[in-house]
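Fit chain B to the known structure of chain A by using the hints.
As given, the protein sequences belong to chains A and B, one line each in that order. Each step along the first sequence adds one to the number in UniProt numbering, with nothing skipped, and position 8 is 8. Each step along the second sequence adds one to the number in UniProt numbering, with nothing skipped, and position 143 is 143.
Watch out, some of these pointers could steer you wrong.
Lysine to any residue pairs mimicking SDA-like chemistry, simulated, CA-CA at most 25 Å apart [claimed, not checked]:
{"id": "1", "chain 1": "A", "residue 1": "K118", "chain 2": "B", "residue 2": "Q54"}
{"id": "2", "chain 1": "B", "residue 1": "K153", "chain 2": "B", "residue 2": "S135"}
{"id": "3", "chain 1": "B", "residue 1": "K130", "chain 2": "A", "residue 2": "L224"}
{"id": "4", "chain 1": "B", "residue 1": "K74", "chain 2": "A", "residue 2": "F121"}
{"id": "5", "chain 1": "B", "residue 1": "K116", "chain 2": "B", "residue 2": "S135"}
{"id": "6", "chain 1": "B", "residue 1": "K130", "chain 2": "A", "residue 2": "F200"}
{"id": "7", "chain 1": "A", "residue 1": "K88", "chain 2": "A", "residue 2": "V258"}
{"id": "8", "chain 1": "A", "residue 1": "K118", "chain 2": "B", "residue 2": "F13"}
{"id": "9", "chain 1": "B", "residue 1": "K130", "chain 2": "A", "residue 2": "L228"}
{"id": "10", "chain 1": "B", "residue 1": "K130", "chain 2": "A", "residue 2": "V258"}
{"id": "11", "chain 1": "A", "residue 1": "K118", "chain 2": "B", "residue 2": "N163"}
{"id": "12", "chain 1": "B", "residue 1": "K167", "chain 2": "B", "residue 2": "S236"}
{"id": "13", "chain 1": "B", "residue 1": "K358", "chain 2": "B", "residue 2": "F279"}
{"id": "14", "chain 1": "B", "residue 1": "K153", "chain 2": "A", "residue 2": "S214"}
{"id": "15", "chain 1": "A", "residue 1": "K118", "chain 2": "B", "residue 2": "T56"}
{"id": "16", "chain 1": "B", "residue 1": "K74", "chain 2": "A", "residue 2": "V115"}
{"id": "17", "chain 1": "A", "residue 1": "K118", "chain 2": "B", "residue 2": "D76"}
{"id": "18", "chain 1": "B", "residue 1": "K177", "chain 2": "B", "residue 2": "L241"}
{"id": "19", "chain 1": "B", "residue 1": "K130", "chain 2": "A", "residue 2": "F121"}
{"id": "20", "chain 1": "B", "residue 1": "K153", "chain 2": "A", "residue 2": "E203"}
{"id": "21", "chain 1": "B", "residue 1": "K119", "chain 2": "B", "residue 2": "Q138"}
{"id": "22", "chain 1": "A", "residue 1": "K118", "chain 2": "B", "residue 2": "N68"}
{"id": "23", "chain 1": "B", "residue 1": "K20", "chain 2": "B", "residue 2": "N163"}
{"id": "24", "chain 1": "B", "residue 1": "K74", "chain 2": "A", "residue 2": "S214"}
Chain A is faced by these chain B residues, among others (derived, beta-carbon under 10 Å) [said to hold, decoys possible]:
{"id": "25", "residue": "I77"}
{"id": "26", "residue": "M79"}
{"id": "27", "residue": "F98"}
{"id": "28", "residue": "M102"}
{"id": "29", "residue": "P106"}
{"id": "30", "residue": "R150"}
Keep in mind the hints are simulated off the structure, nothing from the lab. In this text, a Cβ means the ideal position worked out from N, Cα and C, and glycines have one as well.
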Amino acid sequence: MSAVATPARQASGGMSTKTLNRIVIYGLLALFALFYLMPLFVMLVTSFKTMDEIQNGNMLALPKAPTFDPWIKAWSEVCSGLTCVGMKGYFWNSIKMVVPAVLISTLLGALNGYVLTKWRFRGHTLVFAMMLFACFIPFQSVLLPMATILGSFGRFGVTLQNATGFNFGLGNSTVNLVFVHVVYGIGFTTLFFRNYYEAFPNELIKAAQVDGASFFQIFRRIMLPNSLPIIVVTVIYQFTNIWNDFLFASAYAGSGDVMPMTVALNNVVNTSTGVVEYNVNMAAAMIAALPTLIVYVVAGRYFVRGLMAGAVKG
Amino acid sequence: MAFLEIDGLKKRFGNVEILKGIDVELEKGGFLVLVGPSGCGKSTLLNTIAGLEQITEGEIRVDGRAINDLHPSKRDIAMVFQSYALYPNMTVAGNISFGMEMRGVPADERQKAIDKVAKVLQIGHLLQRKPSQLSGGQRQRVAMGRALVRDPKLFLFDEPLSNLDAKLRVDMRIEIKRLHATTGTTIVYVTHDQIEAMTLATKIAVMRDGEVQQFGTPAEIYNNPTNLFVADFMGSPAMNLIPATIATSGNALSVVLQREAREPITLPMANAPTGLSAFQGKPIIFGVRPEALTDPEGAERNASNIATADLHIEVVEPAGSDTFAVTNLGGKPVVARLRADANIQPGTSTPLAFNLTKAVFFDPATESRIR
Chain A
1 MSAVATPARQ ASGGMSTKTL NRIVIYGLLA LFALFYLMPL FVMLVTSFKT MDEIQNGNML
61 ALPKAPTFDP WIKAWSEVCS GLTCVGMKGY FWNSIKMVVP AVLISTLLGA LNGYVLTKWR
121 FRGHTLVFAM MLFACFIPFQ SVLLPMATIL GSFGRFGVTL QNATGFNFGL GNSTVNLVFV
181 HVVYGIGFTT LFFRNYYEAF PNELIKAAQV DGASFFQIFR RIMLPNSLPI IVVTVIYQFT
241 NIWNDFLFAS AYAGSGDVMP MTVALNNVVN TSTGVVEYNV NMAAAMIAAL PTLIVYVVAG
301 RYFVRGLMAG AVKG
Chain B
1 MAFLEIDGLK KRFGNVEILK GIDVELEKGG FLVLVGPSGC GKSTLLNTIA GLEQITEGEI
61 RVDGRAINDL HPSKRDIAMV FQSYALYPNM TVAGNISFGM EMRGVPADER QKAIDKVAKV
121 LQIGHLLQRK PSQLSGGQRQ RVAMGRALVR DPKLFLFDEP LSNLDAKLRV DMRIEIKRLH
181 ATTGTTIVYV THDQIEAMTL ATKIAVMRDG EVQQFGTPAE IYNNPTNLFV ADFMGSPAMN
241 LIPATIATSG NALSVVLQRE AREPITLPMA NAPTGLSAFQ GKPIIFGVRP EALTDPEGAE
301 RNASNIATAD LHIEVVEPAG SDTFAVTNLG GKPVVARLRA DANIQPGTST PLAFNLTKAV
361 FFDPATESRI R
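Looking at chain A on its own, in the form it has when it is part of the complex (with noise of 0.2 Å):
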C-alpha cells in the first residue's frame, strides 16, 4: 500500500510539501502571536472606549469615538484607596526606586565580574556559587529578615537624625526598597558580567597593567567601554524585575504616598467603591506597563545580541 502512496505523494507534493510547512509554521506561529497580543490589544482599545461603549458594545470592537480621557484620568485624577490623585505620584516613586536600584545593581554586578574573572583570589569559585545561590532565594523566604533588618536601618536612622539632624535616607521606603532590590539583584548582574568577562581577552588587562593603569582604571577604561551587550542585557534584566516587582513592593512600601506603581495600580484596580472604570484601569495599567515596553523596544536588539555573546565567539 505504501508502495502505491509513496509515488502519490510525491506527485501531488513534490513541489509544495516545502511550502505546507512553511504554511504550517507561520500559521501556527500567527496563532500564537494572536493569542499573546490579544490582551494586549483589548487593554489598549478599552483604555480609548468611553463607559457606556464598554458596557454596550463588544470586547474586541475598535472604539468608536476614541477618548483620552481614562488615560488622563488615570494620570491624574484616579483613587488609590481613599486619596484621588492619580497614578502619576506613584510613577514617579517607581522611577526614584528603580533608577538607582539598577544602576547600582549593575555598577556592582560589573565590578564582581571583574574580579571573579580578572583577579581571582582563594576561593573565588565558592564565593561566585554563593552569589549563584542567591539567585534562587524564593523571595518570600526573606520577607521577614529583611523586614527586621529595614527595622534596624529605621532606628538607627532616627539615631542619626537626633544626633546629627540628618537620617542619610535611612528609614525612607525608596531608600529601602533600593537596597532591597539592589541585595537580590547583584547575584544575577554578576552571573551576568561573570560570564561575560569570562570570554574577556586576559591579555587587555596585561596591557593595561604595563601602560600603568591601576585597577579601577582597568575596569572605566577598559572594561566598561567593551561590556555595552552584557550591560544593556542586565539594565534591561534588572529594570523589568524591579519595575514590576510587586512582593518587596507591598511588603515594605504599601500604603501612603511611597508605594511604587505595581502596588498603586493594584489598589486601583481592587478599589470595591462605586462603578468599576475599566477604562480607566485598563489606562493605569498601560502607564504601568509602558517604560518596560520602552526599555524593551528602544534597547531590545541588544538584549539579543548580548545573550548571544558569550554563547557564540567571533
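Just chain B now, kept in the frame of chain A:
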C-alpha cells in the same frame, strides 16, 4: 655586566615547579629569543620579566637594578602580546597614548610622541581608526607602536607573529629585525618557531620543561647542540638522528650505520671527538643535518672529512630551491638535501656524501652530546 640578567629564577605554582632555575643574560641592544615547545615555560619566563607573574626565587636585573618586586608599569618595559591586545574601544592613537595618559604626560607631548611613532611605523593614516577596522599586519604594527612610544629599556614580545599568515609573518619578521637594527633596543622575544629564533636572535635560549637546555648564539645552537633535544628542535628539516655503533678500524674510529637488506655502511672518522673512543662497540646517536648529507658534486669542497656511500632513495621531494631525498638508515627515515637540479630517482641506489666535520654524536642513555 650584562644589561638584562636573570639569576637562578624559579617559579612554583603550589608544588609544581614551572621554572627550575633559569640563568640567562643579555647585552645591551641584544635580541634574546626564548624558544621551545608549548608548555616549556617560555611565556611564563617572559611574564615574570614583565612583572605580570611573581617569581618564587631568584632575581631579575635590568641595567644593574633589581626589578622583580616592581609593578609592571614601573619596570621600564614594553610588551607586545600574541593577540596584540589592542583596546577595542580606543582609536589607534588612543591605544598608543594610553600608557602616557596613565603616567600623566601632557596632551601635546603625547601627540608629538604619537606622530613620531606613526612616522617610524608608517601608520599615520590609521591613527583615527578603531582596531576592528585594521588588518592583521596593521594591528601588529600598532601593537609595536604602543610598545615603541614608551621608549623603554626592554622590549618584550610574546609570540607576536603567530596570528599572521605565512607570507605576512616573513614580512613582519624582517620588519622587526629592521626595527631592532635601527633603534638598537634590547629585546626579549618568545616563540615556538625555531626559524624566527634563528633569524632574529643574537642569543637563543632553548627551553624545555622549565629549564634552559642551551643558551648561546644562533650559530652555536645550530652547529653545536648540547643534547639531543636541542639538535632535534632547532633546524628545518630537522637534524637526522640515526642510531649507530662505533667500530675501530686500524687506530681510527668509524661509525657503523645499519641499512635495510644490505650490509651496513662504515664511515671512517678522521677527527672524531675524544669522548667517542669510550663508546667502541656501543650504540650511539649519529647526528647529521640534511645539508651535510648531499650529492657528491654539491658537497662542501673545503670540508676536510667527507665520506661517500651508496644509499637507497625511497622518496624524492623537489622543494624548488632544493631537492630533498629520503632514505633509510638505522631503521629511521633520513633526509638528504640536494641541489635543486640534482638528478636523482626514487627507488634507485645513489651515492651521497656525508660531511663528517659537521656530524655530532649523542649518548642514547643520557641524551647529551659526546665531545
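Here is how each hint holds up against the structure:
| no. | hint | in the structure |
| --- | --- | --- |
| 1 | A:K118 x B:Q54 | holds (16 Å) |
| 2 | B:K153 x B:S135 | violated (29 Å) |
| 3 | B:K130 x A:L224 | holds (17 Å) |
| 4 | B:K74 x A:F121 | holds (23 Å) |
| 5 | B:K116 x B:S135 | holds (22 Å) |
| 6 | B:K130 x A:F200 | holds (18 Å) |
| 7 | A:K88 x A:V258 | holds (12 Å) |
| 8 | A:K118 x B:F13 | holds (18 Å) |
| 9 | B:K130 x A:L228 | holds (16 Å) |
| 10 | B:K130 x A:V258 | violated (48 Å) |
| 11 | A:K118 x B:N163 | holds (24 Å) |
| 12 | B:K167 x B:S236 | holds (17 Å) |
| 13 | B:K358 x B:F279 | holds (19 Å) |
| 14 | B:K153 x A:S214 | holds (22 Å) |
| 15 | A:K118 x B:T56 | holds (21 Å) |
| 16 | B:K74 x A:V115 | holds (23 Å) |
| 17 | A:K118 x B:D76 | holds (23 Å) |
| 18 | B:K177 x B:L241 | violated (32 Å) |
| 19 | B:K130 x A:F121 | violated (33 Å) |
| 20 | B:K153 x A:E203 | holds (21 Å) |
| 21 | B:K119 x B:Q138 | holds (14 Å) |
| 22 | A:K118 x B:N68 | holds (22 Å) |
| 23 | B:K20 x B:N163 | violated (29 Å) |
| 24 | B:K74 x A:S214 | holds (12 Å) |
| 25 | I77 | holds (7 Å) |
| 26 | M79 | holds (5 Å) |
| 27 | F98 | holds (5 Å) |
| 28 | M102 | holds (4 Å) |
| 29 | P106 | violated (16 Å) |
| 30 | R150 | holds (8 Å) |
Violated hints, in rising order: 2, 10, 18, 19, 23 and 29; the structure is consistent with all others.
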